[in-house]
Amino acid sequence: MFSTFTTISASIFLEGIFFLLIGILISSLIEEFISEDTLRKLIPKNKILGLLVASSLGVIFPICECGIVPVVRRLLKKGVPLHLCVTLLFSSPIVNIVVTISTFFAFQNYFYVVILRLLGGFLISFTTGLLVSFKDSENLILLDNSNIQHCSCTTESCHGTKRPFNRISRIGSHTVLEFFDTGKFFIMGILITGLIQSVIPNSIFKSIGSNYPLGNIFMLIYPYFLSICSNTDAFIARSFMEQFSISAILGFMIFGAMFDLKTTIMLKKVFNIKFIIYLFLVIFSLTIIFTTLIQFLVLGGVQ
Numbered sequence: 001m002f003s004t005f006t007t008i009s010a011s012i013f014l015e016g017i018f019f020l021l022i023g024i025l026i027s028s029l030i031e032e033f034i035s036e037d038t039l040r041k042l043i044p045k046n047k048i049l050g051l052l053v054a055s056s057l058g059v060i061f062p063i064c065e066c067g068i069v070p071v072v073r074r075l076l077k078k079g080v081p082l083h084l085c086v087t088l089l090f091s092s093p094i095v096n097i098v099v100t101i102s103t104f105f106a107f108q109n110y111f112y113v114v115i116l117r118l119l120g121g122f123l124i125s126f127t128t129g130l131l132v133s134f135k136d137s138e139n140l141i142l143l144d145n146s147n148i149q150h151c152s153c154t155t156e157s158c159h160g161t162k163r164p165f166n167r168i169s170r171i172g173s174h175t176v177l178e179f180f181d182t183g184k185f186f187i188m189g190i191l192i193t194g195l196i197q198s199v200i201p202n203s204i205f206k207s208i209g210s211n212y213p214l215g216n217i218f219m220l221i222y223p224y225f226l227s228i229c230s231n232t233d234a235f236i237a238r239s240f241m242e243q244f245s246i247s248a249i250l251g252f253m254i255f256g257a258m259f260d261l262k263t264t265i266m267l268k269k270v271f272n273i274k275f276i277i278y279l280f281l282v283i284f285s286l287t288i289i290f291t292t293l294i295q296f297l298v299l300g301g302v303q
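Residues 1 to 303 in our numbering are what the sequence shown spells out, letter by letter.
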């Protein structure tokens with residue numbers, strides 16, 4: 001059992017750590033060089049066009065779910081509409097060049113999984129933003145009580161100078177702090193996955209995975225508590241390929257990237273609890289709908 005645990009954990013760690021580091025570094029560079037004003041100017045004022053752009057911004061600004069919440073909070077404070085911020089919040093962790101590359105390396109023989117993950121992330125974030133656009137944003141946002149930051153430095157000390165040495169120092173500081181913040185969830189997710197797969201007999205996983213829709217629902221709940229970074233979750237998802245269907249694994253990589261325990265905790269400083277529950281239910285329901293359509297229209301139904 002121990003050898004199985006170490007083999008699974010070590011393989012996932014070695015495959016995913018590079019993409020975690022790359023994602024963190026890019027996030028730190030964006031934190032230093034890209035202002036919220038730049039993001040705000042890129043989003044059109046037209047509702048539909050704005051939603052389309054917000055759903056695609058992760059391609060240009062690859063920020064994982066760990067880093068997008070502070071960005072969204074600052075955009076809200078600058079007056080960017082709630083529905084656009086929500087769309088960006090849920091699209092960025094998936095419609096993201098780093099996540100796309102890591103998913104490609106994890107599923108090298110299943111390129112269509114990469115396309116379906118991008119499609120699901122785009123459609124679900126767009127639809128969520130569209131639904132939120134019909135809600136009255138009053139009393140949904142808790143900006144006065146929010147205090148989410150990447151680091152412990154003040155805004156003035158962080159961004160008060162553009163000297164190259166100071167910028168390099170700040171990038172290094174953000175990178176180290178975010179690594180320890182997100183890395184612990186990555187390690188925790190690996191250990192839990194390794195433990196589960198080494199302790200629980202493979203036959204039980206196969207039984208759950210072959211029982212539709214139980215397997216799909218399980219693969220939505222599991223990543224919520226794992227709370228791993230979307231830059232590396234594909235490697236953990238791939239370890240379940242023998243037990244679960246592609247649609248269930250897609251659910252793992254879509255819902256888990258958009259909504260997990262750590263994201264919920266961070267969102268409590270931005271939105272009221274009723275709105276967070278609303279977002280959770282919308283994302284959960286849309287992911288179920290998307291993976292069901294994939295199961296029956298693309299994968300040929302329940303095998």
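In short, the hints are calculated from the structure, not lab data. Computed from a prediction, not measured in an experiment: that's the story for all the values here. Cβ atoms here follow ideal geometry from the backbone N, Cα and C, with glycine treated the same way. Do not rely on the hints blindly, as some may be mistaken.
Said to hold, decoys possible - Below, a list of computed lysine-lysine pairs in the DSS-like style, where the Cα atoms sit at most 25 Å apart:
1) 78 to 206
2) 135 to 274
3) 274 to 78
4) 206 to 274
5) 269 to 206
6) 135 to 184
7) 206 to 262
8) 45 to 77
9) 274 to 262
10) 184 to 77
To be verified - Derived CB-CB ranges, DEER-like:
11) 137 to 188: 30 to 40 Å
12) 274 to 164: 44 to 54 Å
13) 3 to 137: 29 to 39 Å
Here's how the hints hold up against the structure:
1. Between residue 78 and residue 206 the CA atoms are separated by roughly 49 Å; this puts the pair beyond 25 Å, and the hint is violated.
2. Proposed proximity of residue 135 and residue 274 is supported: the alpha carbons are some 13 Å apart, at most 25 Å.
3. For the hint linking residue 274 to residue 78, the alpha-carbon distance of about 23 Å falls within 25 Å, and the restraint holds.
4. Straight-line distance between C-alpha atoms of residue 206 and residue 274 comes to about 36 Å, which puts the hinted pair past the 25 Å bound.
5. A threshold of 25 Å between alpha carbons decides the hint, and for residue 269 with residue 206 the separation of about 39 Å lies outside it, so the pair is violated.
6. Restraint check for residue 135 and residue 184: the C-alpha separation of about 36 Å exceeds 25 Å, so the hint is violated.
7. A threshold of 25 Å between alpha carbons decides the hint, and for residue 206 with residue 262 the separation of about 29 Å lies outside it, so the pair is violated.
8. Under the criterion of a C-alpha separation no larger than 25 Å, the hint pairing residue 45 with residue 77 is consistent with the structure, at around 17 Å.
9. In summary, the hint linking residue 274 to residue 262 is supported, as the alpha carbons are separated by about 17 Å, within the 25 Å threshold.
10. Proximity of residue 184 to residue 77 is assessed by CA-CA distance (about 30 Å); at most 25 Å being required, the pair is judged violated.
11. Checked against the hint of 30 to 40 Å, the pair residue 137 and residue 188 passes, with Cβ atoms roughly 34 Å apart.
12. With their beta carbons about 46 Å apart, residue 274 and residue 164 fall inside the hinted range of 44 to 54 Å.
13. As the Cβ distance of residue 3 to residue 137 is approximately 54 Å, the hint placing it in 29 to 39 Å is violated.
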